[in-house]
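Chains as they are written, first to last, in our numbering: chain A, 12 to 350; chain B, 198 to 533.
Please note that the accuracy of each hint is not assured.
Said to hold, decoys possible - Here are the simulated EDC-like pairs of lysine to aspartate or glutamate, each with C-alpha atoms no more than 20 Å apart in a straight line:
no., chain 1, residue 1, chain 2, residue 2
1, B, K443, A, E14
2, B, K443, B, D361
3, B, K335, A, E197
4, B, K437, A, D45
5, B, K317, A, D240
6, B, K305, A, E168
7, A, K67, A, D240
8, A, K59, A, D45
9, A, K67, A, E200
10, A, K133, B, D361
Keep in mind the hints are simulated off the structure, nothing from the lab.
From a predicted model like this one, the values you see are computed outputs, not experimental measurements.
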Amino acid sequence: MKELLKELCLINGISGDESAVRENIISKINGYCDYRVDNLGNLICFCKGKKSSDKKLMICAHMDEVGFIVTYIKNDGTLCFGEVGGIDPSVIIGRQVTIGRNKISGIIGSKAVHNLSKDERKASPKTDSLYIDIGADSREEAEKYVKLGDSVCFDSEYTELGENCIKSKAVDDRAGCTMMIELIREKPEYDTYFVFNVQEEIGLRGSRVSAFSVAPDFAIVLEATTAADIDGISDEKKVCSLGKGAVVGFMDRSTVYDKGLYNLAFDTAEKYDIPCQTKTMIAGGNDSGAIHLSRGGVHTIAVSVPCRYLHSPSCVINLDDLESSFNLVKALAKRVHEL
Amino acid sequence: MDLKKTVFELSEAYGASGNEFPAAELALDMLKKYCPDAEMVNGNVIGKFGVHSESKLNLVLDAHIDQIGFVVTYITDEGFIKIGNLGGIDRRLLPAQQVVIHGKQDIKGVICSIPPHLTKGDSKVLDFDEIAIDTGMKKSELEKIVSLGDSITFDVKCRSLLNDRITGGALDDRCGVASVLYALELLNNCKTKYNVTVIFSTQEELGERGAKIGAFEINPDIAIAVDVSFAYAQGENEQKCGHLGKGAMIGISPSLSREISDILINTAKSADIPYQLEIMNGLTSTNADQYSISRDGAKACTLSIPLRNMHTPVEVISLADVNYTAELLASYIKGD
Numbered sequence: 012m013k014e015l016l017k018e019l020c021l022i023n024g025i026s027g028d029e030s031a032v033r034e035n036i037i038s039k040i041n042g043y044c045d046y047r048v049d050n051l052g053n054l055i056c057f058c059k060g061k062k063s064s065d066k067k068l069m070i071c072a073h074m075d076e077v078g079f080i081v082t083y084i085k086n087d088g089t090l091c092f093g094e095v096g097g098i099d100p101s102v103i104i105g106r107q108v109t110i111g112r113n114k115i116s117g118i119i120g121s122k123a124v125h126n127l128s129k130d131e132r133k134a135s136p137k138t139d140s141l142y143i144d145i146g147a148d149s150r151e152e153a154e155k156y157v158k159l160g161d162s163v164c165f166d167s168e169y170t171e172l173g174e175n176c177i178k179s180k181a182v183d184d185r186a187g188c189t190m191m192i193e194l195i196r197e198k199p200e201y202d203t204y205f206v207f208n209v210q211e212e213i214g215l216r217g218s219r220v221s222a223f224s225v226a227p228d229f230a231i232v233l234e235a236t237t238a239a240d241i242d243g244i245s246d247e248k249k250v251c252s253l254g255k256g257a258v259v260g261f262m263d264r265s266t267v268y269d270k271g272l273y274n275l276a277f278d279t280a281e282k283y284d285i286p287c288q289t290k291t292m293i294a295g296g297n298d299s300g301a302i303h304l305s306r307g308g309v310h311t312i313a314v315s316v317p318c319r320y321l322h323s324p325s326c327v328i329n330l331d332d333l334e335s336s337f338n339l340v341k342a343l344a345k346r347v348h349e350l
Numbered sequence: 198m199d200l201k202k203t204v205f206e207l208s209e210a211y212g213a214s215g216n217e218f219p220a221a222e223l224a225l226d227m228l229k230k231y232c233p234d235a236e237m238v239n240g241n242v243i244g245k246f247g248v249h250s251e252s253k254l255n256l257v258l259d260a261h262i263d264q265i266g267f268v269v270t271y272i273t274d275e276g277f278i279k280i281g282n283l284g285g286i287d288r289r290l291l292p293a294q295q296v297v298i299h300g301k302q303d304i305k306g307v308i309c310s311i312p313p314h315l316t317k318g319d320s321k322v323l324d325f326d327e328i329a330i331d332t333g334m335k336k337s338e339l340e341k342i343v344s345l346g347d348s349i350t351f352d353v354k355c356r357s358l359l360n361d362r363i364t365g366g367a368l369d370d371r372c373g374v375a376s377v378l379y380a381l382e383l384l385n386n387c388k389t390k391y392n393v394t395v396i397f398s399t400q401e402e403l404g405e406r407g408a409k410i411g412a413f414e415i416n417p418d419i420a421i422a423v424d425v426s427f428a429y430a431q432g433e434n435e436q437k438c439g440h441l442g443k444g445a446m447i448g449i450s451p452s453l454s455r456e457i458s459d460i461l462i463n464t465a466k467s468a469d470i471p472y473q474l475e476i477m478n479g480l481t482s483t484n485a486d487q488y489s490i491s492r493d494g495a496k497a498c499t500l501s502i503p504l505r506n507m508h509t510p511v512e513v514i515s516l517a518d519v520n521y522t523a524e525l526l527a528s529y530i531k532g533d
C-alpha cells in the first residue's frame, strides 16, 4: 500500500481538476470492476463480490486535494491566487508550488523578516496579500507560461519519517483512495459500489451527486482526519492520535453518525483485534455530510486515518494506522451485509 | 565551472551557523581547485590564490558559509524536539515546514502546525519556545540519534524559475560563495594586482563571528564582503532595494572605504558590467563591518547579490547577478 500511496499523493489534483488522479486510479482498477465517470467527474465503480446481499453498500473516498487557483496576473508578472479548500496562510507563505499542466515552478514569498515591523512579525499575513513569483518580469512574459484558472499545488516531497510515518501533500484523501484500490483489487466478499469522489474540499459536492446515483442503503467514507496529538496540546484537544489506529467518530461538524454502524465498527475492531479510536472533539467534516442526507437518508459511517498537519504541504500519518483502517473497513463491510 | 550546478550544490548543502561543517567541507573541496593549499582554520575555509608577493596589497574576498537554522534545546517525553533559532527567522512561515535534524545521522522532521479547530481563526504567530518539531519518533529512539545542541535546517531543494532565476533555501550566502569561486575561475592564469586570499567564513548570521577571527588571521589591506542584499519584491520598500538581474550592488556607506567603492564602480563601468548601488548610512550588517576594524583596520567594501525573501526557504536570486558579481571581482583583481 505504501508505494501506491506515494504514487497517488504525488499526483496533482485540486478540487475541480481531479482528472490526473482519476486516470491513474482507472489504470489501477481496470479489469477488476465495472466503472463509469459521471457528469461531475466522480469515478463510480461496481465490484461484483463472491456473494450478493439485499443491502446496497457504497464505500467512497475523495480524489481532490486542497490547493490554489490563479485568479489574476499582475503587470509585474506575479500571480494572484485564490485558495481551493481551507488552507491556513501560515502554511502558504514560504513554500514552493507548481502551476498548471506544464508544472511551472513558483514560490510564495513574503517581505524579508528584517524589514517587518514588530506588529507584522507577530501576525500571520492575510492570504489575499500573498502572491506567486514564477520569475517573470511582466504580465506578457508570465502569460506565456501560465493561464488564468490554472491549478496550483504544493511542491512537496513524499518522505518517510521516523519508524513508520510518512510525510506528503494530499494524504487527505489519497489515503482513502489507496485503501479503496486495494479493496477493489482484493475483490470484496459482497457486491460493493466504490466511488472516488470529486470536489470534497469545496463543500462535499461530488459525493452529493454520486450518492444520489448509487442510492446506497449503507455508506462507509474513507478519510484522513485531523490529529492534534502534538507538543503543548492537552489530551482532550488532541481529537485523535497517530499510532492508535483507525478513527471512527460519533459526530463531527457535518454528521451525527449512524449509531448502529458506530457500535458495529468498534465491535468489529474488538472482535478482530484492530486498533481503533474515536474523536475527542467535534471537529472537521467529510463526505458523510452529503451522503447521510442523500435521497431518503443513508446509514453512514466514516473510517479515517489520523493525520497531523492536514491541509498543509506536510501531512504526516502513521502507516500502521493506514493498515488498521484498511483492515477495519474490510471487516466492517462484510459485517454490514450480514446485519 | 557550471555556475548553476555549483549554486545548487552549495545551497543544498547543510551548514547552520556554528555547525557549518558539511557545507564548509564542500566549499573547501571546490576552493582547492583554485587554491590547492586551502584549509579549514577554526571553522573558516581559507585559501591563498596564486603567488603572493611583498609588493602587492593583500586583498581578502569573503563570503559566509553559514546559513540560518535552528538548534535542538530539548526533547519532550512525547518525542517532540524543542528549538532555538540560529539567526533571524520569520516565525510566521514555520508551521508545517519540512526540516532536517543533523544528529548522528540526518533525519527529517516537520515543524508542528496547530490545526485550525484549535486556533479559532486566531492569527497569532508562535514564539520559538512554543514551536516543536515532529520526527515521527519516540523519545527513546530519537535520543539515540539526536542530542541537545544539534543543528536543524530547512529541507529545501533548489528549483529553476523563469529568467535564469533560482529559488532555494541557503542562497544567502552560498550564491556569494559560488560567485567568489567563479571569479577565481575567470582569473585562472591571469596576473593579479593584489595578493588574493579567499575566506568562506562561519557564524555571520550570529553576528559576523567567523569573519572577526578570520580578519585577524588574514590581516588584509582591503576586504570585500560578497553577500546578499534585498531585491525588490511586492511589499518591500523600492528605495531600499536592488533589482534582480541588474548586477551586483556596490556598497557605499560611512563604514566602508569610498575609495574601494569608487574603484569597483569605475571597474564595472569600464568593463561594461551591469551594477547597482546600495547606499547605507552606517554599519552594513555584513562581514565588511569586521574587516574594516580588525587589527589596524582595512579598507572594506560590500558587493551584494540581490535576493528576494531573505532568510526563508524560498529565497530567490538571478543567476545573472552571480555571474556579474564574479566578472566584477575578476576585473577588479586583474586591475583592469
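Now for the hints, and whether the structure bears them out:
1. K443/B with E14/A: violated, 46 Å
2. K443/B with D361/B: Given that 20 Å is the threshold and the Cα spacing comes to 12 Å, the pair holds.
3. K335/B with E197/A: violated, 34 Å
4. K437/B with D45/A: Between K437/B and D45/A the Cα gap is close to 64 Å, so the pair fails against 20 Å, i.e. violated.
5. K317/B with D240/A: holds, 17 Å
6. K305/B with E168/A: It holds: about 11 Å lies between the C-alpha atoms, which stays within 20 Å.
7. K67/A with D240/A: violated, 36 Å
8. K59/A with D45/A: Distance of about 8 Å is within 20 Å: holds.
9. K67/A with E200/A: At roughly 13 Å apart (the allowed maximum being 20 Å), E200/A and K67/A satisfy the hint.
10. K133/A with D361/B: violated, 34 Å
Consistency note: the structure conflicts with the earlier hints numbered 1, 3, 4, 7 and 10.
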